[in-house]
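The residues making up each chain are set out below.
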Amino acid sequence: MFNSTFNNFNEILDMGGHGIYVWSVYLIGISIIAISFLIAKKRIKEVHKKIKLKNASS
Amino acid sequence: MKLFSAQNITYSINENKLFHKLSFEINSAEGLHIKGGNGSGKSTLLRIILGITSPSKGSIESFNQDLKIAYLGHKNAIKNYLTPIQNLELLFNDVELNLAFKWLHKFGLSHVQDELTANLSFGQQKKLALIRVLAKSSELIVLDEPFVGLDQVATDQLNNFLIEKLSEGVGLVFTSHIKPMIECKVLHLGRNNA
Amino acid sequence: MITAFIHKFSSPKSFVILTEKLYPFFIIAGVSMLILGWTWGLLFAPQDAVQGNSYRIIFLHVPSVIFAELIYFFMAVCALMHLVWRVKLAAYLIKSAAPIGAMITFIGLFSGSIWGIPTWGTWWQWDARITSTLILFIMYLGILTLHASFSNLEKADRLMSILVVIGVVNIPLIKKSVDWWSTLHQPASISVSGSSSIDPSMLYPLLISAIGLGFTLISLGILSSRSYILSREKNKKWVSERV
Amino acid sequence: MLRLIKSESFKLSNKLKAWLGPLLIMVLVLIAFPLSIDISQYDLDKFYFSIIVVSLLMTSFVATEGMFEEDFEDGSLEQEFLIEKDFYKLVLSKIFVYVCLIGIPIAFIGALFSFANGVAIGSFAKVFLLLSLSNLLLFNLFAFGNALSINKGAMLGVLSSLPLALPVIILLGRAIRSIQYGDGFSTIIILMLGIGLVMSAIMPLIISATLKTHID
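Protein chains in written order, with the working numbering: chain H, 1 to 58; chain X, 59 to 252; chain L, 253 to 495; chain G, 496 to 711.
In isolation and in its complexed conformation, chain H is listed as follows (with noise of 0.2 Å):
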């Protein structure tokens, strides 16, 4: 169970000729969630930001 199906990395990048569609999904998936994640955090340092000045003016 826990040996790879792939002897070498060539064969893991080609994955049988389906390399391109699985990777592709991939890399485009992950790097969607991670952008969301970048997003977030620059939300939450403008409201703080924000709030700050606020505070600052009050």
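Derived by calculation from the structure, the hints in this document are not laboratory data. The C-beta atom is built at its ideal place from N, Cα and C for all residues, glycine as well. Each hint should be verified, as a subset may be incorrect.
[As the list claims (entries may be wrong)] Below, in silico cross-link-like pairs of lysine-lysine (DSBU-like), each with a Cα-Cα straight-line distance of 30 Å or less:
| id | chain 1 | residue 1 | chain 2 | residue 2 |
| --- | --- | --- | --- | --- |
| 1 | L | 265 | X | 79 |
| 2 | L | 340 | H | 49 |
| 3 | L | 489 | L | 340 |
| 4 | L | 486 | H | 45 |
| 5 | X | 79 | X | 194 |
| 6 | X | 75 | L | 488 |
| 7 | G | 707 | G | 647 |
| 8 | H | 41 | L | 407 |
| 9 | X | 60 | X | 194 |
| 10 | L | 489 | H | 52 |
| 11 | L | 486 | G | 647 |
| 12 | X | 194 | G | 647 |
| 13 | X | 160 | G | 707 |
| 14 | H | 54 | L | 488 |
| 15 | H | 41 | L | 428 |
| 16 | L | 428 | H | 45 |
| 17 | H | 54 | L | 340 |
| 18 | X | 115 | L | 427 |
| 19 | X | 79 | G | 580 |
| 20 | G | 707 | L | 407 |
| 21 | X | 160 | G | 647 |
| 22 | L | 428 | X | 75 |
| 23 | X | 115 | H | 54 |
| 24 | X | 133 | X | 93 |
| 25 | H | 42 | L | 488 |
| 26 | X | 164 | X | 115 |
| 27 | X | 79 | X | 160 |
| 28 | X | 60 | G | 707 |
| 29 | H | 50 | L | 407 |
| 30 | G | 707 | X | 133 |
| 31 | H | 42 | L | 427 |
| 32 | L | 407 | L | 488 |
| 33 | X | 115 | L | 428 |
| 34 | L | 489 | H | 42 |
[As the list claims (entries may be wrong)] Just a sample of chain X residues kept apart from chain G, beta carbon distances all over 12 Å, derived:
| id | residue |
| --- | --- |
| 35 | 86 |
| 36 | 126 |
| 37 | 219 |
[Claimed, not checked] The calculated label-pair distances, taken between Cβ atoms and stated as ranges, are:
| id | chain 1 | residue 1 | chain 2 | residue 2 | range |
| --- | --- | --- | --- | --- | --- |
| 38 | G | 578 | L | 490 | 40 to 50 Å |
| 39 | G | 688 | X | 152 | 31 to 41 Å |
| 40 | G | 578 | X | 63 | 20 to 30 Å |
Put chains X, L and G on the given structure of chain H with help from the hints.
Using the frame of chain H, we list chains X, L and G on its own:
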């Protein structure tokens, strides 16, 4: 007779307080004049009295669920693709319609009664909208800036009408920038509350 | 009574404090399970007899489609709470969950499309499941658009909740139409009650990556809800004190 | 209730644009479709139904567009609230009036065009019944969409209620197939009637709550 009472009511939009901890009551045969600058929450307060909006905090109590209320707000609820006559026919049953037509005559709108309401002037439309309140029998009259747009004659007519209604035991709440000729309690908004 | 109970445990303040503590757990668990599940699935799981290696997309596709729907149901529960008990936090959570739902639905759609190219020979089919997922995606965007159209945010919250609750009826309805249409889509690979039609060597990595994706999405939800709650409650004292 | 039906039909019949417009759009779309393909009539009858269904969808959201907006903008909704304390009856009578004055004529036009395009005359009544029923469903749904988006334009209303209308479209497509092949028609009609009745009872409740949120 008590019609409505409010205890410590607060109203806020998007977490901004419009008014804070307001208490008052409305009795029959008594007028309440709500004063305040622009954006002090006068119209909102009227809508709370009407039960359209609820306050964010505090409690309100209306003592009669079937209270007959006549109300005219900023929006005049007039269909401008109909004639004044058709508008009144939509609003009133046959009995009330007679009284409504009388007011139409009193306000000097008889000559435009078959024009489309869209072609009437602002003041004329306002008068038409007021007939909704004037010709309906009611126990509480709620008016939002009733005098705006009215000429002197109509203002007097409205004042007299309201005084007469008060003597008949009808409750009255209104907002106005002009000092009316009606004797009534005054509620100031936006001055840390009267 | 019940209202008081719910309101006590649903104050935005305690939610923010609680989730801030839970965040490290979710993000670490989520990411490590994703790495484990995907490495297992991509490199160690056996090849599918029919589809060859292209089936390995399943480890991203299926979890994302599952969460595309789960997030909507979560939003519907929140919407009911908001409408019935006027829980403010529930509305905040809907608003923060909707973009995440849209995102994961998009991932599900496009991973399915790409998967379709080697297996079905086409990237799109007017098949009931695919179509209903596309509709789900549009519904997420519709909800966000509706909320953005109103300047009175409390009004926007309530209208959005109404739409979410009505929309939840729609999903099973559209799914039912699977029976009405001739469908190309393979029947769901895993069923909750019965036995799975999938080999354990493929099932385990799939389950692990599904749970991992769940944790990851929860931690994303924690981040986005925090920023939204802070911006909505910016006039409150506790927010100023926290920052 | 009778008062509301009377006043709503009076208002609608005085707005030429609001009730005649959708009918004309329906006719125009149905004319436009045969023009957009080759005039060879051979294949037209096979998929002409689908264009009827789509134009039905289109016209019904055009028809319901200003359903509540006018009453909201001019304050009539508030006045109605003071009388009835909710909008259930108002919405119910509004949808009833709209279906009678616009929905059924649209269904009639659709049925008329369907048999002008090679569908057997015998199925005219079936098609008419089917389209009227689906208009009842669609008007309820789009009324909800318009209540949600009230004064924010029809686009928002369509965006939020069109996904809800898609099951209706699937049902309709299925029903039309059953007319063409002549089986199971009555089952579908009964199903649609049932859904229509349930929806006509429940949708006004939801729409009423939505309108209440708006005047709040």
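Q) Are the Cα positions of residue 428(L) and residue 45(H) separated by 30 Å at most? A) The given pair, whose Cα atoms are some 44 Å apart, is violated under the 30 Å limit.
Q) Between residue 164(X) and residue 115(X), is the straight-line Cα distance small enough, at 30 Å or below? A) violated, 44 Å
Q. Are the Cα atoms of residue 115(X) and residue 427(L) separated by 30 Å or less?
A. This hinted pair is violated, its Cα atoms lying about 44 Å apart.
(Q) Against the 30 Å threshold, does the CA-CA distance of residue 265(L) and residue 79(X) hold or violate the hint? (A) Roughly 24 Å between the alpha carbons, so the hint for residue 265(L) and residue 79(X) holds.
Q) Does residue 707(G) lie within 30 Å of residue 160(X) when you go C-alpha to C-alpha? A) violated, 34 Å
Q.
Between the alpha carbons of residue 50(H) and residue 407(L), is the straight-line distance 30 Å or under?
A. holds, 24 Å
Q) That 40 to 50 Å hint for residue 578(G) and residue 490(L) (C-beta), does it hold up? A) Holds - the Cβ-Cβ distance for residue 578(G) and residue 490(L), about 43 Å, lies within 40 to 50 Å.
Q) Regarding the pair residue 41(H) and residue 407(L), is the alpha-carbon distance no greater than 30 Å? A) At roughly 28 Å apart (the allowed maximum being 30 Å), residue 407(L) and residue 41(H) satisfy the hint.
Q. Regarding the pair residue 428(L) and residue 75(X), is the alpha-carbon distance no greater than 30 Å?
A. violated, 48 Å
Q | Proposed proximity, residue 194(X) with residue 60(X) (alpha carbon, max 30 Å) | A | Cα-Cα ~21 Å, so holds.
Q: Compare the distance between the alpha carbons of residue 707(G) and residue 407(L) with 30 Å, and conclude whether the hinted pair is satisfied.
A: holds, 10 Å
Q. Is the straight-line distance between the alpha-carbon of residue 79(X) and that of residue 580(G) 30 Å or less?
A. holds, 26 Å
Hint compliance for this structure: hints 5, 12, 13, 15, 16, 18, 21, 22, 26, 27, 31, 33, 36 are broken, all remaining hints hold.
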